[in-house]
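From first to last, the protein sequence lines stand for chains H and D. With positions in the first sequence counted from 1, the corresponding number in the numbering used here is that position plus 170. With positions in the second sequence counted from 1, the corresponding number in the numbering used here is that position plus 170.
Calculated from the structure, these hints are not laboratory results. Remember, predicted model here, so these are calculated numbers, not experimental data. From the three backbone atoms N, C-alpha and C, an ideal C-beta is built for every residue, glycine too. No false leads were slipped in.
Okay, the calculated bits of chain D under chain H, using three or more residues with CB under 8 Å as the criterion:
1. 208-219
2. 306-315
3. 327-333
DSSO-like mimics (lysine-lysine), calculated; alpha carbons at most 27 Å apart, straight line:
4. H/Lys-227 <-> H/Lys-479
5. D/Lys-336 <-> H/Lys-279
6. H/Lys-336 <-> D/Lys-279
Protein chains: 2
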Amino acid sequence: MAVVVPFESQPTPSIDRLVGLCRADMERVNAMILSRTGSEVTMIPEVANHLISSGGKRLRPMLTLAMAQLAGYAGDGHIKLAAAVEFMHTATLLHDDVVDESEMRRGRKAARMLWGNEASVLVGDFLLGQAFRMMVEVGSLRSLEILSSAAAVIAEGEVMQLAAAKNTATTEDEYVAVIRAKTAELFAAACEVGPVIASLSKAEQTACRSFGMNLGITFQLIDDALDYGGKAAKLGKNVGDDFREGKVTLPVVLAFRRGSEEERKFWRGAIENSEIRDGDIEHALALMTKHRALDDTIARARHYGAIAKDALALFPDSAVKEALVETVDFCIARSH
Amino acid sequence: MAVVVPFESQPTPSIDRLVGLCRADMERVNAMILSRTGSEVTMIPEVANHLISSGGKRLRPMLTLAMAQLAGYAGDGHIKLAAAVEFMHTATLLHDDVVDESEMRRGRKAARMLWGNEASVLVGDFLLGQAFRMMVEVGSLRSLEILSSAAAVIAEGEVMQLAAAKNTATTEDEYVAVIRAKTAELFAAACEVGPVIASLSKAEQTACRSFGMNLGITFQLIDDALDYGGKAAKLGKNVGDDFREGKVTLPVVLAFRRGSEEERKFWRGAIENSEIRDGDIEHALALMTKHRALDDTIARARHYGAIAKDALALFPDSAVKEALVETVDFCIARSH
Numbered sequence: 171m172a173v174v175v176p177f178e179s180q181p182t183p184s185i186d187r188l189v190g191l192c193r194a195d196m197e198r199v200n201a202m203i204l205s206r207t208g209s210e211v212t213m214i215p216e217v218a219n220h221l222i223s224s225g226g227k228r229l230r231p232m233l234t235l236a237m238a239q240l241a242g243y244a245g246d247g248h249i250k251l252a253a254a255v256e257f258m259h260t261a262t263l264l265h266d267d268v269v270d271e272s273e274m275r276r277g278r279k280a281a282r283m284l285w286g287n288e289a290s291v292l293v294g295d296f297l298l299g300q301a302f303r304m305m306v307e308v309g310s311l312r313s314l315e316i317l318s319s320a321a322a323v324i325a326e327g328e329v330m331q332l333a334a335a336k337n338t339a340t341t342e343d344e345y346v347a348v349i350r351a352k353t354a355e356l357f358a359a360a361c362e363v364g365p366v367i368a369s370l371s372k373a374e375q376t377a378c379r380s381f382g383m384n385l386g387i388t389f390q391l392i393d394d395a396l397d398y399g400g401k402a403a404k405l406g407k408n409v410g411d412d413f414r415e416g417k418v419t420l421p422v423v424l425a426f427r428r429g430s431e432e433e434r435k436f437w438r439g440a441i442e443n444s445e446i447r448d449g450d451i452e453h454a455l456a457l458m459t460k461h462r463a464l465d466d467t468i469a470r471a472r473h474y475g476a477i478a479k480d481a482l483a484l485f486p487d488s489a490v491k492e493a494l495v496e497t498v499d500f501c502i503a504r505s506h
Numbered sequence: 171m172a173v174v175v176p177f178e179s180q181p182t183p184s185i186d187r188l189v190g191l192c193r194a195d196m197e198r199v200n201a202m203i204l205s206r207t208g209s210e211v212t213m214i215p216e217v218a219n220h221l222i223s224s225g226g227k228r229l230r231p232m233l234t235l236a237m238a239q240l241a242g243y244a245g246d247g248h249i250k251l252a253a254a255v256e257f258m259h260t261a262t263l264l265h266d267d268v269v270d271e272s273e274m275r276r277g278r279k280a281a282r283m284l285w286g287n288e289a290s291v292l293v294g295d296f297l298l299g300q301a302f303r304m305m306v307e308v309g310s311l312r313s314l315e316i317l318s319s320a321a322a323v324i325a326e327g328e329v330m331q332l333a334a335a336k337n338t339a340t341t342e343d344e345y346v347a348v349i350r351a352k353t354a355e356l357f358a359a360a361c362e363v364g365p366v367i368a369s370l371s372k373a374e375q376t377a378c379r380s381f382g383m384n385l386g387i388t389f390q391l392i393d394d395a396l397d398y399g400g401k402a403a404k405l406g407k408n409v410g411d412d413f414r415e416g417k418v419t420l421p422v423v424l425a426f427r428r429g430s431e432e433e434r435k436f437w438r439g440a441i442e443n444s445e446i447r448d449g450d451i452e453h454a455l456a457l458m459t460k461h462r463a464l465d466d467t468i469a470r471a472r473h474y475g476a477i478a479k480d481a482l483a484l485f486p487d488s489a490v491k492e493a494l495v496e497t498v499d500f501c502i503a504r505s506h
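Model the full assembly from the supplied sequences, consistent with the hints where possible.
In structure tokens:
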């Protein structure tokens, strides 16, 4: 089942322009990533590279590079900061797979299925340590502050999610608070460190942070919608994975609240007691369609996307600014 | 079965003098720890404080405080660095329990038995993030470098141990390399940051680091011996826990190498294939006694302890220096 979104602009928004503008820097980031996963303990590069080389878009480090460009930064620090951001993200994925007991990640077997939970936890810790080493090498205390705070906030968001797990009574506010912490905070930090090392004004730093934060929320909401349709298969996930795992994402929050008492009973049974039977996913999708839960999740995503775009308005027009704005549209366009 | 070690000096070495000298600072560290485990996500302080308040000796942060005192440091930075060191240690314990599937920790149920593996992984990540935040607040880039490197090295050591698990052919050198990384590195870093923030000379920084590194190795070797006897019960572990978990520690390395082919078959069966039957622990202890494996593990510990003491020789005599030296003897004396 595809989620269909009416679109204003004619050409399909793409991330290609951003990729093109960051290509040279990204090659340096990739080399840095490769060199910093090296260890005499062969299991470390094996586990790390299994995930790192599995074809993620590297959106987060690309944001650091693009923001450094937007800020007119002339130094080298953005390369290590971008690599650190990707390591933090990879560490989170390794730990998430253990926490969620996931079997697949990006269309491949999750690292924990190949090397075990132990290796996933420990290699995640190693990457986090290496991320901090790289940040320290850059020598910007403010960047260190931003990224170390992000590390704590992300973990806090994950625990928040764990504590709220399988709770169908979750409000939209509570849900957005969780994804703000667990997903959007790293987008925000990735975007903020660029203007910080370029010594832009506080207002400009805050603008970039706001862009990242709202793009991150947009990104996660679209991901939540995609889990119930669209091109989910291409992302290496199956339609309804979140449903099967009892995850209360925004589509469920909306369908549950808008549903009849009978329907809420269905959601509680499926989510709270993990009673998934044949036809349940189809029924869940039908209820979401009935209550416009997916369409409205995407509408909410558009709202945060609009805030992200406005956040960059105070910067003069440039190719990289346009590419960043298009990235917001690209994230939303993933849903159809 | 107690491990009996002949002792030269009459009074039993104690850690009390060190505790006394650091008391005022340690109260500030404890207050800092309490305030930095705070979170609106109630599961975080619950999990963190379950472990933090479980009566560990807080040896590692105490070393940071003592070294700052030895260095004549007059500022406040040592408080946050000591708290950061304890958080790093606590994060490691939370993750270790998941990796080792431990049920007990310090005589209490392990956090994972009460809140699950998920919470243990994520609260560990949160504490690591908070540790870095505190370090960043202190603002010493060199301290950040030391502690972030330590974080990566510790994780590397744990993976090394994982990769070498259940390998009875492990050499003593390989084993010491593992404990150097997974245990002693944090002792070394905890000791090094004191003279660093006090701006002592490089030679003095290296001396303090060397003290910590060798004390850490001593500490771990004694711990390994204790697992097969001594006051292990008081530490909240059962005699033979390492054996049951198939851990190849130095007592096993020595007993295996010194044993007959018949005996090696026993070790391989027990360690490599986890075939533990009634009477196996008693048999393992008898073989260790026959080959002096525990006594010699303690002799090795004494060797590293002596290096630790000599490392401090270039500092003028003082109460805190004497207390640090006595701490080495205290660690060794734990074994009887």
